[in-house]
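Asks: Build the full structure now, drawing on both the sequences and the hints.
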Amino acid sequence: MNVLYLLPHIIVHAKLLDKAIIHKLLCQKILN
1 MNVLYLLPHI IVHAKLLDKA IIHKLLCQKI LN
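Position 22, counted from 1, in the sequence shown is what our numbering calls 22; the numbers after and before it change by one each time, with no gaps.
Calculated from the structure, these hints are not laboratory results.
Incorrect hints may appear among the rest.
[What the hints assert, rightly or not] Simulated pairs of lysine to any residue, SDA-like, Cα-Cα distance not exceeding 20 Å:
#, residue 1, residue 2
1, K19, I30
2, K24, H13
3, K15, C27
4, K24, L7
5, K29, D18
6, K19, K29
7, K15, V3
8, K15, L31
9, K24, A14
10, K15, L26
11, K29, L17
12, K19, V3
13, K19, H9
14, K15, L4
15, K19, L7
16, K15, Y5
17, K19, P8
Replies: Okay, here's the thing in structure tokens:
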């Protein structure tokens, strides 16, 4: 597999993961 080919997918996945973590943290703040 070419790293340059995989890189955009890794970046998109990382952004989605960051959004999920931020959403989880915001939900915890609202509940607390």
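Asks: Mind listing which of the numbered hints don't hold for this structure, in increasing order?
Replies: 4, 8, 12
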